[in-house]
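Chemist: Whenever a hint applies, use it, and build me the whole structure from the sequences.
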Amino acid sequence: MESLKAVEAAKEVKQPKLKKAKTKITWKKIKDQKVLILMSLPFVAWLMVFAYTPLFGWIIAFQDYKPQNGFFGSEWVGLKHFIDLFQQPLFYSALKNTLGMGVLGLVFGTLTAIMFALALNEMRFTRFKKLTQTVSYLPHFVSWVVVANIVTQTLSISGIANEVLLSLNLIEAPINFLANPNSFWGIVTGADVWKETGWNAIIYLAAMTSVDQEMYEAAEVDGANRWQKILNITLPAIKPIIVVLMIMNIGNLINIGFEKQMLLGNNIVANKALVIEKYALDYGIGMFRYSFGTAIGIFKSIVSVFLILTFNSIAKKTGQGGLL
Amino acid sequence: MKMKKIVASFMLTGGFLLAACGNGENSANEGGGEGEPLTLTFFSADLTQDDPFSNPVAEKITEETGINLEISHPVGGDEQAVPLMIASGDYPDMIFAKGDINKMIDAGALIPLDDLIEERGDNLKMLYGDQMDRLRNSLEDPQIYHLGTGGVTNTYNATGGTNQIALKVLKEQGYPEIKTLEDYEKALVDYMAENPTTEDGQDHIGLSLLGSDWRWLITVGNPSGFAGGMQDDGQWHVDEETGDTVYKFQLPETKEYFTWLNHMNDIGLLDPESFTQTYDTYIAKLSSGRVLGLADQDWNYMSAVAALKQEGKDESLWAPLPTTLGEEYVSQSTKDYGFTGTTGISITSSSEYQEEAFDFLDWMASEEAQILVNWGVEGVNYEIVDGERVQTEEDRENSNTNANYNVESGIGAYIWPFPAWGTGAVDSNGQSITRSTREDIVANYTEADKEALEAYGVDLWVDTFPTPEELGSPKHGKAYEYVLPSSSDVAIIQTEADDYTTQKITEAVLASPEDFDTIWEEMQQGLLDMGIDKANAEMTDLTHQRLELWGEE
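Protein sequences appear in the order of chains A and B. Letter by letter, the first sequence follows residues 1 to 324 of the working numbering. Letter by letter, the second sequence follows residues 1 to 553 of the working numbering.
No lab work stands behind these hints, which were simulated from the structure alone. Using N, Cα and C, we set each Cβ at its ideal position, and we do this for glycine too. Each hint should be verified, as a subset may be incorrect.
With beta-carbon atoms standing in for the labels, derived distance ranges [as the list claims (entries may be wrong)]: (1) A:Gln87 with B:Ser88: 28 to 38 Å; (2) A:Met248 with B:Gly89: 28 to 38 Å; (3) B:Ser138 with A:Ala161: 17 to 27 Å; (4) A:Leu111 with B:Asp266: 38 to 48 Å; (5) B:Ala87 with A:Thr126: 47 to 57 Å; (6) B:Ala87 with A:Lys317: 41 to 51 Å; (7) A:Val135 with B:Gly268: 15 to 25 Å; (8) A:Ala173 with B:Gly89: 33 to 43 Å.
Which bits of chain A does chain B cover? Going by a derived footprint, with three or more residues having C-beta under 8 Å, they are [unchecked claim]: (9) 61 to 68; (10) 148 to 157; (11) 176 to 190; (12) 265 to 274; (13) 278 to 286.
Modeler: Quick look at the structure:
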């Protein structure tokens, strides 16, 4: 009974479709897709409540916001906070550090994840492969507080890194790695790679397992060796995934958080460890400058959108297919 | 069939939404019925560990007042707790906001206490007496928003000094006089040459600092002023005569101290991990007995002292020293600052239990409460012998060797930041209200302490310092307790300057000696570029305003 109705409804939908444009929304179409619409409604509501409504708060970036006066009572100051922000030397060093560590993290994070996924994919012992995979993504679930402590201990003067280097006679006196401002970006990137490689590799590995096995078999018949198979089959096959992930990650280039920098940093490397979010926290909200903090947030969002659009159009133009 | 699917999808997604929105009502303010204690929420900006308010002293407080406290504190030195509280408008019943109190006042979050004190604050009136003016907010708004802590009448029988040195160093060298940094350095160098390692074979460390977090100010920043004969004004220095206030790290005295630290680093006496180690590592290092010299304050390394006493390594404990840059400077460590009272507990305007909270705080200022928070529970922590309180041996042992003594026993946990009588106050029997009389302090000394003190011919370590009478009292109190007006730039400049100097001075100390001057000059220029002159001028104004408010000018 019900299925009959559905068929009729489908017929009815088909007829006007021939005459009018595809995108035209009709009541019938809505009726037809009401289950889908109802299912998506809560998520649209979620998006409205948690992602769009807070955007109204952006107006405080253009005010001298005081909590006691509220949104409507605070004085309007136009772009004062943005001008203020762009005059701060500290802001530029925070921006430099954020982008620096963001780019390093993106490049090395992606490269190591792909290489690790390739290595796992080539592995033939299923059990060992599973075990390696599980072990390698576990650090993802360890909090940065713990990871930072492990890194600090490892790299301290009496830590294992120095012990090993000393016993191999590679160095004469222990090096205090954490006291060298120039190696800070590297240490953060290294810790990040250690923590996230296994986790990031999962998605690449999933993409690799869906590659048609017949292509490998055909390549084998043609006499291709492992390297040739990796370079000519596996990598091209997962290229769309790499591009999609790149676009998404590039949008987050500036949102690298501040936990790692705060936990691994100290007063010696402070100059290299200050990132935008920490700056917003310390000099924005920490000093009751709610408006200033919001201005930094807006700036960050604009940079993110700009980066996503740029990379997306580059990807489209070079024929890699964009996300948007 | 279809209907079921729809309903199911609704319930599922609706469930997610509900879970996301389910922000339970704050359940803290329940109870208060017959016989059930009323729970008040309290935020303490200075607390660094959890206190469930369940120790014997807390239980006794609840029994007497019918009030139970739910105490929260900032986690990990976080400075955003109060700003976030204001942004959300979600306040506890009582708050110790410290330097952020003016922001709370501006936001209308605190209630003036003048009338309450007048009507029902008998204990508080008795406590503050003629010092009441020092609680007033400002010249424009001279109301009272907080109950000052820190004790109204104080004696100075214990201090951390400028630097500390291990007792074993003093002992081996026949207890020499150590007055200057030069003496201090010599003592360390000589001892290290004779004893490169501890008895169990670990390398000795000459001088260890903790410069990786906010304690940089305690172990690196502050000693530079102390060594220059300045009192503790935080990052500032106030000229006692003119009231001129300047940023401390612009002064030649601090430069001289850091030059010395740089030299200590150069000759390998400074712990190379001084600026990278965490607090836990630092305390662990101190607890091992390897560290000979410190530039810390006693309250910061208390747990290491307890650990060393526990292991019987009395000779690895440290003696406080009044070290200065040279004979012409006088250490101000034992200075009597008078009642400064600018920080303390406030009651919030959103609290439903303002009167209950006030009565509770008033009770905390009573004699009964002061004896309880200082001495603990009768029969457990002390006994009455001949009409006087005497601490039990068991409790003394516990207080010396238990690193968590305060929170576990409750003694000392509720003095700061509550209204307190102070270390110099006496009860109605004439006995000291706190356990810090000369006798109490001597009783807590180890054998190694006593041996050293006998050699110096004094009873207490403070006796090797100038007396409070010689030093006089500052008219302005302490500059770091100033409440910075929210409209001024001084707070922003100070934060920037603090971040900058912390990093630059660290760099200068660790640089090779020939580069030190260049880095220092660069830092001075950097401070000027930041507008430090403007901040100095504003701070000078604040000093004068305070003197006027306190009726000192």
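Chemist: All hints are to be evaluated individually against the structure, with a verdict given for each.
Modeler: Hint by hint, here is what the structure shows:
At roughly 30 Å, the beta carbons of A:Gln87 and B:Ser88 sit within the given window of 28 to 38 Å. Between A:Met248 and B:Gly89 the Cβ separation comes to about 36 Å, which falls inside the hinted range of 28 to 38 Å. Restraint check, B:Ser138 to A:Ala161: a C-beta distance of roughly 54 Å breaks the suggested window 17 to 27 Å. For the pair A:Leu111 and B:Asp266, the supplied restraint of 38 to 48 Å holds, since their beta-carbon distance comes to about 42 Å.
The hinted range of 47 to 57 Å is satisfied by B:Ala87 and A:Thr126, whose Cβ atoms lie roughly 53 Å apart. Checking the proposed 41 to 51 Å range against B:Ala87 and A:Lys317 shows it holds: the Cβ atoms sit about 44 Å from each other. Judged by the Cβ atoms, the range 15 to 25 Å given for A:Val135 and B:Gly268 is violated: they are separated by roughly 42 Å. Between A:Ala173 and B:Gly89 the beta carbons are some 56 Å apart, a value that contradicts the proposed interval 33 to 43 Å.
For the stretch 61 to 68 of chain A, the stated coverage by chain B is satisfied: 3 residues place a CB nearer than 8 Å to a CB of that chain, which reaches the threshold of 3. Counting residues of the stretch 148 to 157 of chain A whose CB falls under 8 Å from any CB of chain B gives 4; the rule of at least 3 is met. Counting residues of the stretch 176 to 190 of chain A whose CB lies closer than 8 Å to any CB of chain B gives 3, so the stated coverage by that chain holds, three being the minimum. Counting residues of the stretch 265 to 274 of chain A whose beta carbon lies closer than 8 Å to any beta carbon of chain B gives 5, which reaches the threshold of three, so the coverage claim holds.
Here the stretch 278 to 286 of chain A counts 5 residues with a CB under 8 Å from a CB of chain B, which clears the bar of 3, and the coverage holds.
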